[in-house]
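Asker: This is what each chain is made of:
Number of protein chains: 2
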Amino acid sequence: MIPQKRPAEDLAATALEHKIAEQPALSNGSANGTGNGSSLAPLDASKLIITRADPAARPVPDEATACSGNETVCTDHMITVSWNSSTGWSAPELKPYGPLTLMPTASVLHYATECFEGLKAFRGFDGKLRLFRPDLNCKRMLMSTLRISLPGFDPAELEKLIIMLMSIDGPKWLPASRPGSFLYLRPAIIGTQPQLGVQTPKEALLFITASFMPRMDSPKGGMKLHTNPEDMVRAWVGGFGYAKVGANYGPSLLATNEAKERGFTQILWLYGKEGYCTEAGASNFFLVWKTPEGKTQLITAPLDDKLILDGVTRRSVVQLAKERLADELEVVERKYTIDEVIQAHKEGRIVEAFAAGTAFFICPVSQIRHRDVDVHIPMAQGDVGEYTAKIKQWMANIMYGKEQHPWGVVVEEQQ
Amino acid sequence: MIPQKRPAEDLAATALEHKIAEQPALSNGSANGTGNGSSLAPLDASKLIITRADPAARPVPDEATACSGNETVCTDHMITVSWNSSTGWSAPELKPYGPLTLMPTASVLHYATECFEGLKAFRGFDGKLRLFRPDLNCKRMLMSTLRISLPGFDPAELEKLIIMLMSIDGPKWLPASRPGSFLYLRPAIIGTQPQLGVQTPKEALLFITASFMPRMDSPKGGMKLHTNPEDMVRAWVGGFGYAKVGANYGPSLLATNEAKERGFTQILWLYGKEGYCTEAGASNFFLVWKTPEGKTQLITAPLDDKLILDGVTRRSVVQLAKERLADELEVVERKYTIDEVIQAHKEGRIVEAFAAGTAFFICPVSQIRHRDVDVHIPMAQGDVGEYTAKIKQWMANIMYGKEQHPWGVVVEEQQ
Chain A
1 MIPQKRPAED LAATALEHKI AEQPALSNGS ANGTGNGSSL APLDASKLII TRADPAARPV
61 PDEATACSGN ETVCTDHMIT VSWNSSTGWS APELKPYGPL TLMPTASVLH YATECFEGLK
121 AFRGFDGKLR LFRPDLNCKR MLMSTLRISL PGFDPAELEK LIIMLMSIDG PKWLPASRPG
181 SFLYLRPAII GTQPQLGVQT PKEALLFITA SFMPRMDSPK GGMKLHTNPE DMVRAWVGGF
241 GYAKVGANYG PSLLATNEAK ERGFTQILWL YGKEGYCTEA GASNFFLVWK TPEGKTQLIT
301 APLDDKLILD GVTRRSVVQL AKERLADELE VVERKYTIDE VIQAHKEGRI VEAFAAGTAF
361 FICPVSQIRH RDVDVHIPMA QGDVGEYTAK IKQWMANIMY GKEQHPWGVV VEEQQ
Chain B
1 MIPQKRPAED LAATALEHKI AEQPALSNGS ANGTGNGSSL APLDASKLII TRADPAARPV
61 PDEATACSGN ETVCTDHMIT VSWNSSTGWS APELKPYGPL TLMPTASVLH YATECFEGLK
121 AFRGFDGKLR LFRPDLNCKR MLMSTLRISL PGFDPAELEK LIIMLMSIDG PKWLPASRPG
181 SFLYLRPAII GTQPQLGVQT PKEALLFITA SFMPRMDSPK GGMKLHTNPE DMVRAWVGGF
241 GYAKVGANYG PSLLATNEAK ERGFTQILWL YGKEGYCTEA GASNFFLVWK TPEGKTQLIT
301 APLDDKLILD GVTRRSVVQL AKERLADELE VVERKYTIDE VIQAHKEGRI VEAFAAGTAF
361 FICPVSQIRH RDVDVHIPMA QGDVGEYTAK IKQWMANIMY GKEQHPWGVV VEEQQ
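Sequence lines, in order, name chains A and B. Going by our numbering, 362 is the number at position 362 of the first sequence; the sequence numbering is gapless. Going by our numbering, 33 is the number at position 33 of the second sequence; the sequence numbering is gapless.
No lab work stands behind these hints: they were computed from the structure. Among the hints, a few may not be true.
To be verified - Just a sample of chain B residues kept apart from chain A, beta carbon distances all over 12 Å, derived:
# : residue
1 : Val331
2 : Glu333
3 : His345
4 : Lys402
5 : Trp407
Said to hold, decoys possible - One side only, chain B facing chain A, incomplete, derived with CB under 8 Å:
# : residue
6 : Val108
7 : Gln195
8 : Gly238
Computed from a predicted model, the values in this text were never measured in an experiment. We put the beta carbon where it would ideally sit given N, CA and C, even for glycine.
All chains should be modelled from the sequences, with the hints used to inform the complete structure.
Answerer: Next comes the structure, spelled out in structure tokens:
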């Protein structure tokens with residue numbers, strides 16, 4: 001798999017690029033991440049085996065009830081696909097939602113051999129069920145699974161499986177009687193080989209659930225961010241901040257919890273001694289400010305140093321703002337520091353700010369605390385800024401079918 | 001839990017120190033990591049509920065067979081203890097080894113809310129069964145669980161549970177007829193709350209297994225290390241390299257696999273643009289060299305910047321070398337770079353090197369490749385260096401009861 005003529009010095013540096021480059025040969029199974037050739041079965045959605053749950057067994061709760069407990073309420077079904085390094089991917093199964101069985105020695109429980117995606121399914125005001133740019137989630141999942149040494153797959157097959165799950169569970173769990181509501185889809189891959197010792201798992205499981213999730217895009221008074229302490233860093237250059245792997249999340253909880261105990265919503269993660277602004281909790285972060293010269297800019301951290309997640313919402317915000325706000329503001333992806341933000345605040349140049357991600361959608365930010373300094377951020381419309389509101393509405397219109405747009409992928413439902 | 005008078009700027013910086021400082025009040029349950037006071041049940045080994053497996057059901061394989069497959073062979077029993085944030089720790093259960101049941105939404109499968117320990121049980125040449133400094137593993141496990149926002153516990157109670165498991169499974173699985181053999185003990189804590197959303201788990205599970213593990217301390221030709229590529233880093237200052245959390249392991253597999261494909265055993269992880277030597281795979285790394293002035297030193301990376309694991313084997317090597325080799329060499333814990341190692345090699349000053357950890361024990365290192373440079377390391381006795389062999393023998397003598405020493409903790413067995 002690794003060409004022998006490769007110079008010695010690049011070793012794993014380009015491993016991920018190599019693995020992704022192998023993906024064109026997906027149909028013969030070489031995308032399994034093992035480097036083990038053509039005899040392995042690829043992920044194949046057409047082989048889906050369907051075992052239906054009794055539809056009467058579980059009533060659909062209302063949204064408030066579903067989101068009130070300490071347990072995520074999932075739909076009737078889930079999809080599972082097992083993989084092993086000698087045969088490749090098994091036939092996908094769509095079956096009643098229920099527990100997984102793992103040996104105590106399973107890789108994922110010890111070595112964080114895990115990655116996931118998050119996307120939503122929307123019940124449109126036109127009655128249709130849509131996903132939002134699911135191709136991007138599926139491509140990112142491929143990148144994440146290869147980064148964490150789990151098996152690869154053709155992203156288009158994963159997308160088909162997600163659509164199949166919503167096609168079957170959508171009509172009941174996201175009923176046409178609830179336009180404007182959504183479900184949360186969670187594909188994940190975990191290393192299941194029951195063997196201790198730090199090594200690439202020879203067995204894995206892909207699973208997809210659909211569930212309720214609370215709406216988090218309009219917290220009372222806006223989202224309040226606290227910068228991370230200097231001795232606690234989320235991601236680093238040469239790390240894996242750009243991949244949606246479990247290892248980016250668990251370690252962040254300690255700082256997040258302390259911020260919450262102080263009344264803040266999330267951490268604004270800074271990087272390096274310069275204090276570059278990167279992410280807001282597990283969301284991307286956007287700021288609208290005026291430059292000292294008086295130009296209005298929408299600014300967000302860049303992707304090129306691989307510190308932050310290449311968010312689907314982030315990408316969509318950037319694109320919509322460039323297309324629809326070009327007359328009003330400039331969209332800038334560059335490194336910028338917390339000191340620049342504080343200086344802009346002192347000079348009254350901060351216009352508004354928001355976090356962007358699948359879980360928080362577009363969530364207005366009202367405050368940043370950094371050490372002893374509080375940056376209070378305007379929300380021109382009371383609970384949201386003017387540009388934030390515009391972008392949020394455009395996105396929602398696409399998601400809920402008020403605007404027909406290629407990003408809104410309609411799911412054909414099995415009635 | 002967090003004193004309100006604390007200055008704003010330290011936020012989570014000292015969160016871990018605070019949580020650990022709370023530990024003296026262990027008996028009233030305040031060590032659960034929730035900050036939720038005295039009504040929570042502490043981890044209590046005296047409440048152990050024992051359900052025995054049929055001892056005839058599973059014969060004990062020989063060591064070679066047990067280590068030949070793709071699945072870890074565990075002993076008859078495991079210990080599990082569940083925890084939730086409203087009641088604390090449940091009564092521990094010792095029961096037949098078998099699968100765990102987790103909901104697909106369990107925290108550990110998505111957010112790497114997991115930590116573990118590794119230690120060995122040894123069948124001595126005097127017939128006794130010993131653990132090696134288990135108190136250190138149990139204390140480190142407390143530090144790891146708090147770093148990853150899982151519940152705390154009294155380390156002495158965990159030690160009692162480990163001893164109970166070996167007391168029951170030791171006689172059969174580490175029989176007196178196999179002096180010089182060992183089992184591997186793996187305590188782990190995972191976040192089990194079945195709720196998506198990045199948050200501290202309100203439910204967790206502590207489990208302990210005992211299993212076979214291959215001997216890895218004498219690879220033919222010595223351990224060969226390849227330095228990591230510049231764009232792939234294991235740990236970083238402000239991260240969690242010092243904690244035994246899953247998030248340190250999965251992300252390292254990509255670089256390790258490529259090194260293995262090139263014929264190397266593990267990665268020698270360098271840090272920073274200076275190229276400081278830190279760890280060898282998941283083991284600590286030791287080098288014996290002569291200084292330019294002709295002094296013999298045993299050198300290893302320091303603990304103070306929290307990049308590397310505070311290994312029990314590492315700590316023991318440092319202590320034994322200071323006590324028993326003081327006339328022959330100086331023990332130095334300081335930052336040193338790969339360039340210093342290469343320079344020493346050029347000048348013929350490298351004496352020997354080894355990796356030190358529970359899994360690899362004391363494993364001679366014969367080569368380091370950094371970019372295009374090969375550092376060939378002497379092994380004075382053919383397959384091991386002189387000091388390496390001495391230290392290894394002293395450690396083995398304590399583990400297997402050839403030397404009576406406080407580090408070798410004898411387990412009273414239930415015959």
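Asker: Each hint should be assessed against the structure and marked as holding or not.
Answerer: Here is what the structure says about each hint:
Non-interface call for Val331/B relative to chain A: holds, since the shortest CB-CB distance, roughly 27 Å, exceeds 12 Å. The non-interface label for Glu333/B is consistent with chain A: the shortest C-beta to C-beta separation is roughly 21 Å, beyond 12 Å. Every CB of chain A lies more than 12 Å from the CB of His345/B, the least distance being 17 Å, so the non-interface label holds. Non-interface status of Lys402/B relative to chain A is upheld: no Cβ of that chain comes within 12 Å, the nearest being about 27 Å off.
No beta-carbon of chain A is positioned within 12 Å of the beta-carbon of Trp407/B; the least distance is around 23 Å. Among the interface hints, the one on Val108/B holds; its C-beta lies about 6 Å from the nearest C-beta in chain A, closer than the 8 Å criterion. Below 8 Å, beta-carbon pairs count as interface contacts, and Gln195/B has one with chain A at about 5 Å; its hint therefore holds. Against a cut-off of 8 Å between C-beta atoms, the interface hint on Gly238/B holds, since the closest Cβ of chain A lies about 4 Å away.
Hint compliance for this structure: no hint is broken.
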